[in-house]
Amino acid sequence: MASTTLQPHQKELFGHPVGLYILFFTEMWERFSYYGMRAILVLYLVQATSDKNAGLGWSNGEALALYGWYTMFVYVASIPGGWIADKFLGQKKSVLYGGLLLVAGHSILAVEQMWAFYTGLALIILGVGLLKPNISTMVGGLYKQGDIRRDKGFTIFYIGINVGAFLAGIIVGYVGEVHGWHYGFGLAGIGMALGLFQFVLGQKYLKQVGNYLGESNDEDEKESMNKPLTKVEKDRVVVLFISFLLVIVFWGAFEQAGGLMNIYTSEKTNRMLMGWEVPASWFQSLNSMFIILLGTLVASYWAKRKLKGKEASSLFKMIIGLIIMGTGFFFMTAAAAQYQAVGSSAMYWLVLAYLFHTVGELCLSPVALSYITKLAPVKYASLMMGIYFAMTGFGNKLAGLLGEASENLGEYTIFTGIAVFCILFGGLVLLFRKKLEVLTHGAEDNEHEMHSN
Numbered sequence: 006m007a008s009t010t011l012q013p014h015q016k017e018l019f020g021h022p023v024g025l026y027i028l029f030f031t032e033m034w035e036r037f038s039y040y041g042m043r044a045i046l047v048l049y050l051v052q053a054t055s056d057k058n059a060g061l062g063w064s065n066g067e068a069l070a071l072y073g074w075y076t077m078f079v080y081v082a083s084i085p086g087g088w089i090a091d092k093f094l095g096q097k098k099s100v101l102y103g104g105l106l107l108v109a110g111h112s113i114l115a116v117e118q119m120w121a122f123y124t125g126l127a128l129i130i131l132g133v134g135l136l137k138p139n140i141s142t143m144v145g146g147l148y149k150q151g152d153i154r155r156d157k158g159f160t161i162f163y164i165g166i167n168v169g170a171f172l173a174g175i176i177v178g179y180v181g182e183v184h185g186w187h188y189g190f191g192l193a194g195i196g197m198a199l200g201l202f203q204f205v206l207g208q209k210y211l212k213q214v215g216n217y218l219g220e221s222n223d224e225d226e227k228e229s230m231n232k233p234l235t236k237v238e239k240d241r242v243v244v245l246f247i248s249f250l251l252v253i254v255f256w257g258a259f260e261q262a263g264g265l266m267n268i269y270t271s272e273k274t275n276r277m278l279m280g281w282e283v284p285a286s287w288f289q290s291l292n293s294m295f296i297i298l299l300g301t302l303v304a305s306y307w308a309k310r311k312l313k314g315k316e317a318s319s320l321f322k323m324i325i326g327l328i329i330m331g332t333g334f335f336f337m338t339a340a341a342a343q344y345q346a347v348g349s350s351a352m353y354w355l356v357l358a359y360l361f362h363t364v365g366e367l368c369l370s371p372v373a374l375s376y377i378t379k380l381a382p383v384k385y386a387s388l389m390m391g392i393y394f395a396m397t398g399f400g401n402k403l404a405g406l407l408g409e410a411s412e413n414l415g416e417y418t419i420f421t422g423i424a425v426f427c428i429l430f431g432g433l434v435l436l437f438r439k440k441l442e443v444l445t446h447g448a449e450d451n452e453h454e455m456h457s458n
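Residues in the sequence shown are numbered from 6 upward in steps of one, following the working numbering.
It cannot be assumed that every hint is accurate.
As the list claims (entries may be wrong) - Cβ-Cβ distance ranges computed for the label pairs, FRET-style:
| id | residue 1 | residue 2 | range |
| --- | --- | --- | --- |
| 1 | G314 | F426 | 30 to 36 Å |
| 2 | N413 | T301 | 40 to 46 Å |
| 3 | T54 | L302 | 42 to 48 Å |
No lab work stands behind these hints: they were computed from the structure.
Don't be surprised by glycine CBs; every beta carbon is placed ideally from N, CA and C.
The task is simple: from the sequences and hints, build the whole structure.
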């Protein structure tokens, strides 16, 4: 567990602590490796064994089932990863060890053997579990309580995630589909190694965050590990757990991108563009491209709204994000209807769906990360972040189950059902929003611009 107090005179760049950009590039390369592997995983599993670029020849249902379990465990592993950081290692060491496991896992996937395939996936699960919750908590530790820049900082960090994801879909996706799946897996490992290298080089900008409180020189920080939770802290934890329901529903819908929507793109979308067929995996980069283009705009919109005294609480943003993302599935409904009518669907339906999904994601995901660092008790900071990512994992598993159900129900029914449910569920939580925000005990009150210099 780490201190959440920004040290005075911390060096800044573009109005944010330099440490933010170290974490930005670490996460960028980690996500390059993860999303690169994710972009080709399902395609590799369903590719026929007799093809030139042979896959495993699994059925769509089998591939989506493995995808659901794998992506669930990747994020559920964040619970023990956060607990280990809080109790034993601190966030900084946990990120380092997680990165080493990821390099090993992605590298082993490059070996064309089934034992290597399952071993690589297992190491990636362990590596993400250590790295993911702790690097996000470190971002929050760079800012003082009440600093309105915290949400912006998480959005910048989130853009780093998506720069990595964008490059992964294009580069790893192309290498995997064209030159060989295992070359793609190996390339993902190289990306993680680069991220780990720059994280080690940038330690001088992270001296005050991510350290284990059990070894702190501050007696108050050390003592905080043994104190019971106050009523205010307990109330805030309740709000966090309720907000996690939004997270499960959101990612259960959103993660169709890597599963059902990925297969739909490959099998039922007309991908011809000026005589050239666009690789199916490239569509995985649309979301990241939109985040890079729109990330700071969305964050600035909410910050200006907050400073003007208009409704812009984290819970409100998350609810709106779920509704916007759900609305995007109506474009996939239109795509499925077009396919049923003419035998193929246009690419623009996918582009519109990913655009709405992205705007919804920008309203929910980086905001949720920031929200946790505002509400979580200090001694459980990493654990609560780990639980958040575990909820993301359950959402991923839900996405896999929905994808499997499409084999019987059809894409039209699944896409439409997802859209309607997300909108209705978001509306339901909106009705209880003000009562829930009372339980935060003013955690987001009086936010303002704050600098350390």
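Could you work out which of the previously given hints the structure breaks and list their numbers from low to high?
Structure breaks no hint.
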